Amino acid sequence: MASAVSSLNRSAGHAQRPLATRDSAWVRYTLTAVALGFLALFLALPLVAVFAEALRRGVGAYFAALNDPDGMHALRLTLLTAAIAVPANLVFGVAAAWAIAKFTFPGKSLLITLIDLPFAVSPVISGLIYVLLFGAQGWYGHYLAAENPWFPAFQAWLIEQDIKIIFAVPGIVLATIFVTFPFVARELIPLMQQQGNDEEYAAITLGASGWKTFWKVTLPNIKWGLFYGVILCNARAMGEFGAVSVVSGHIRGETNTLPLHVEILYNEYQFVGAFAAASILALLALVTLVLKSVVEWAHARRRA
Amino acid sequence: MSRSHRSVIPGFGLSLGLTVTYLSLIVLLPLSAAFIKTAGMTWEHFWDTVASPRVVASYRISFLASFAAALVNCVFGLVVAWVLVRYPFPGRRVVDALVDLPFALPTAVAGIALTALYAPNGWIGSLFEPYGIKIAFTEIGVFIALTFIGLPFVVRTLQPIIEELEPEFEEASASLGANRWQTIRRVIFPQLLPALLTGFAMAFARALGEYGSVVFISGNMPMRTEITPLLIITKLEQYDYAGATAIAVVMLIASFSLLLVINLLQKWSRRHAAV
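Protein chains in written order, with my numbering: chain C, 1 to 304; chain U, 1001 to 1275.
Source of the hints: derived by calculation from the structure; they are not laboratory data. Heads up, a few of these hints could be off.
For each label pair, taking beta carbons as the anchor points, the in silico distance ranges come out as [said to hold, decoys possible]:
| hint | chain 1 | residue 1 | chain 2 | residue 2 | range |
| --- | --- | --- | --- | --- | --- |
| 1 | C | Gln195 | U | Arg1271 | 19 to 29 Å |
| 2 | U | Ser1257 | C | Ala298 | 38 to 48 Å |
| 3 | C | Ser293 | U | Phe1256 | 52 to 62 Å |
| 4 | C | Val91 | U | Asp1048 | 43 to 53 Å |
| 5 | U | Gly1091 | C | Asp162 | 32 to 42 Å |
| 6 | C | Arg252 | U | Glu1163 | 43 to 53 Å |
| 7 | U | Leu1260 | C | Gln195 | 46 to 56 Å |
| 8 | U | Val1094 | C | Arg56 | 21 to 31 Å |
On a predicted model such as this, the values are computed, not experimentally measured, just so you know. Note that the Cβ used here is the ideal one computed from N, Cα and C, for glycine as well.
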């Protein structure tokens, strides 16, 4: 699935084409106009609409809407969630890529497929499975009436210890980790496979320890791929809506992430507030796109 | 890598152990919960849930809108990928970066932005309003949101393939007297077909599960614009765990089958490219 998420492992560049394989000028202009028109309608216009709607009642109203304690709390929770989910998946991604790229073992292609699995699962189901796992717990009667679905002993223990996972921050973090699970691994596995093991052999034969080899030889080689994976992982972690929506319980000032806060404001017809919060997320998305392009550029230059 | 290399590079046990443990705890154990939960239902109960008219109506809209969106993305995605690779124009890099917007923009933000645009009083919705065409809160709205979400899949799958097309084939075709259209149809398109199908399957799979961008624009009318993921949430809010899980299992089976199809398509695509 994720191989469609753009990847660093892609070449770029246009050679001057010979005349026979060049399209005629009117074909070029028509196709370019169709492509740009489609992108303007489907991509640029929604982006512009976010800012236009946020600023509809003026700059003053925009900043007044941003200065909202619930919104600030939602932003902090979103940053906290990303701050836990991204490093967790980063460590996993490096470990998985190391195991898959450096060694041969039975079941390797199955492992690669399983790592991809979260991309094939609907976000709503990604939240649901955690509700099933941790069971009927929660505040304000959310899901409390439901029967204990699975692992009754484990779930009874959680209730006894007063550990809240669903409708609390741990559930939000877990669901986010699930949906962003493959990003770093997906980027690193092909990169490390392509680079081979020669440099690591050399380092180890010359007496470097395993960790030293990793820090001094492997890491510098994969740093752009790693950074790229982290950017994509972080963007999804901060923007995830469906999965978090199922496990969060939408408790204002407690379990609302920024995307959920946008939904609540929108459903309350506070459009300026909703689009103001959305504009923060849209800015983060633009930063993501810029960073991504910078990494692609740096990577292409290094290879050239 | 031969067996003897295994002892040279250290960390096999640590890295594979960490990978398998983390994968099991985060992905496999929670996913199996859905199947185990469903196994506790009787077959009649399961069937009554997943084949009830409202649920079947949701499969219908989810399937049809996703299919239409993926199809439209194939047509325009092909044009976009072709233009981005073959025709240099000022600002090409910015446009290329923008293609990833649906990956980077949170789905909820996309959802409210599209709703604002296509609502009867929105920039685009107001253009159609005089003709009595409603876009937001109808099936067309669902289709628009799913088109937005799926676009990068087709473009990003096609781009590397178009970049690697050997110009020699096109030259040979031209020198043998084919006109440009014949070359495109008989030489270029067959080489792009596997990637195009892969992109279609990916956009379709993503659209089937999509939630955030659709719920705002769809209006969520039962039997008409209520998509399957939304129905799962509705069941959960009614404390109907078993019902929600049964529908989820149907969706999981559909997405895993699609994942299998995508993997086969990619194998075919790679073999095709290697020839």
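Going down the list of hints, with the structure as the test:
no.	hint	result
1	C/Gln195 with U/Arg1271: 19 to 29 Å	24 Å, holds
2	U/Ser1257 with C/Ala298: 38 to 48 Å	39 Å, holds
3	C/Ser293 with U/Phe1256: 52 to 62 Å	34 Å, violated
4	C/Val91 with U/Asp1048: 43 to 53 Å	45 Å, holds
5	U/Gly1091 with C/Asp162: 32 to 42 Å	57 Å, violated
6	C/Arg252 with U/Glu1163: 43 to 53 Å	49 Å, holds
7	U/Leu1260 with C/Gln195: 46 to 56 Å	29 Å, violated
8	U/Val1094 with C/Arg56: 21 to 31 Å	26 Å, holds
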